[in-house]
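S.K.: Residues per chain are reported as follows:
2 protein chains.
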Amino acid sequence: MSPPREVLAYAPASVGNVAVGFDLLGHALDGAGDRVLARRTQSGEVRVVRTSGTPMDLPSDHLRNTAARAVHALLQARGASFGVELELEKGIPLGSGMGGSAASAVAALVAANGLFADPLALEALYPYALEGEYAASGGRHGDNVAPSLLGGLVLATHAGCLQLAVPEGMSCLLVHPDLVVETRLARARLSAPYPLSEFVVQSEALALFLCGLHRGDIALIRAGLRDVLVEPRRAELIPGFNQVKQSMLDHGAVGASISGAGPSVFAWFESATQAAAAMADAVAAFAAAGLAARGLVSPVAAAGARIEQCTA
Amino acid sequence: MSPPREVLAYAPASVGNVAVGFDLLGHALDGAGDRVLARRTQSGEVRVVRTSGTPMDLPSDHLRNTAARAVHALLQARGASFGVELELEKGIPLGSGMGGSAASAVAALVAANGLFADPLALEALYPYALEGEYAASGGRHGDNVAPSLLGGLVLATHAGCLQLAVPEGMSCLLVHPDLVVETRLARARLSAPYPLSEFVVQSEALALFLCGLHRGDIALIRAGLRDVLVEPRRAELIPGFNQVKQSMLDHGAVGASISGAGPSVFAWFESATQAAAAMADAVAAFAAAGLAARGLVSPVAAAGARIEQCTA
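Chains as they are written, first to last, in our numbering: chain A, 1 to 312; chain B, 1 to 312.
FYI, nobody ran anything at the bench for these hints, they're computed from the structure. Glycine residues also receive a C-beta, built at the ideal position from the N, C-alpha and C atoms. A portion of the hints provided could be inaccurate.
[Claimed, not checked] One-sided and incomplete, this derived list gives chain B residues near chain A with beta-carbon spacing under 10 Å:
| id | residue |
| --- | --- |
| 1 | Asn65 |
| 2 | Ala156 |
| 3 | Ala159 |
| 4 | Leu208 |
| 5 | Val230 |
| 6 | Val297 |
[Said to hold, decoys possible] Listed below are several chain A residues computed to face chain B (Cβ distance under 7 Å; list not exhaustive):
| id | residue |
| --- | --- |
| 7 | Asp23 |
| 8 | Leu24 |
| 9 | Leu162 |
| 10 | Phe199 |
| 11 | Ser203 |
| 12 | Leu206 |
| 13 | Leu210 |
| 14 | Cys211 |
| 15 | Cys310 |
All chains should be built: construct the whole structure from the sequences, respecting the hints.
M.R.: As structure tokens, then:
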């Protein structure tokens, strides 16, 4: 049987950083994602022929670059004898802190990978997804591409990805205000040097968080799910952030912080019911700061990217 | 039965920081430690009446303070009706990076605790041991007191201690050169601010290390057991450091770095045999830098503090 001529793939949004793992930890989100159709061509080139979906608040060039660059890297590495046309259908607003560029890169890669007679395993696509992220953000951090690719909570290192077990029922409330924070600008706020003492506090939190996950100990996860390093330097980019976060904690959140580079705010709850119950107050807190917002509840262990359709 | 009038306790040396956990991780060492005899008195005071053992290269005042301050904090918290005289027998050279002040504080506390009719559990002594460490180093970091108290590899946080499982057979080679590095001076070298990128690299290492421990995966431990943050800033305080470290890695060490504030250098090996086989070359590397040195091999999961004798 010859490989398909067209493959449609889906990749979910994701929460990057997860408060305690700047550039290292991320988890997938149900309920928002990108779709990419990849079509085999004779040309040998990789081209984005169409972009649709969520209205673009930012130029979509870097998205095209993200998806095309990732696929180009894959084709080169595999010595592909064909080119690929990509059609992107954005389901994730750009500059939302929901890993939109990562999802585009991952969906494009998973679709293009499906055009091969001998496709790679999902994990093996990670380095090419990092290439795509590099086009979008200027950094090779995998905290969005890794969970978008593999699903669940992932430790994304330069060497590869480790999926981390999450207590059953652990759920994420993500609230996305109608505001764009560009990743590059959000990163610029982090350039000032840091005292070692802040790093020690953050490392302690990371260690508690990881030990809590491994032991299924919510108290340890709660002690660790926080960010003294990056959140204080970015919070003022997000009107109402402190109130939104506090409203989530008041509803019993295990922890709450900025999703990726923001402006979306996320919180972990011990159950989906608890997460859903916290949504209205978080949205209201953004409204009080003059921002419309919408909420989304997802398991932390949400599914990763997948092929949705193949056409011969 | 009335409680004893005199208690003799032993507390082991320890490796602080363990490369990847500055101020957070430490493990106990067999083969070197301090003994403290605590004697109940009527005075209500805490006094160090004798210090013996290893010749002192530094004034021993801060050791006296360390032990006395820790015991004083314990007596106060418990509303003790008696005072305590302490006799310290140092088995750990001061300024060696082997957690000597921590061992003095811990041994003194464990001995004094034994004078009560209703002694506390070892874990409950941790906050008082931190008080003692504060007298010695000016910081409340528990990476030496926690393992000296509890044994094994310990994550020492402000909230408490978590003992971490270590793969069976994992052994430490520690080589102590004839040189004194005072903790306060070694800490002064760390005052310059840090770029966030260094934190990310070090956090990745910490996460890999902890995941490796939890999974019993030596490759992950190997990937994580390193220090890009502190070691480069302290290495030049230790003549021959790079050669000593390299000799250990050449013998197959899982990782090697500075023990605590130095000048001792430690490495982890998968077996005691491997650790022992690496000792001669490490000592020779110090000799080539003009320093006499002695080595010690210990399980990473070495025992913690213990009462050795009670006298009615």
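S.K.: Looking at the structure, which of the earlier hints fail to hold?
M.R.: 1, 6, 15
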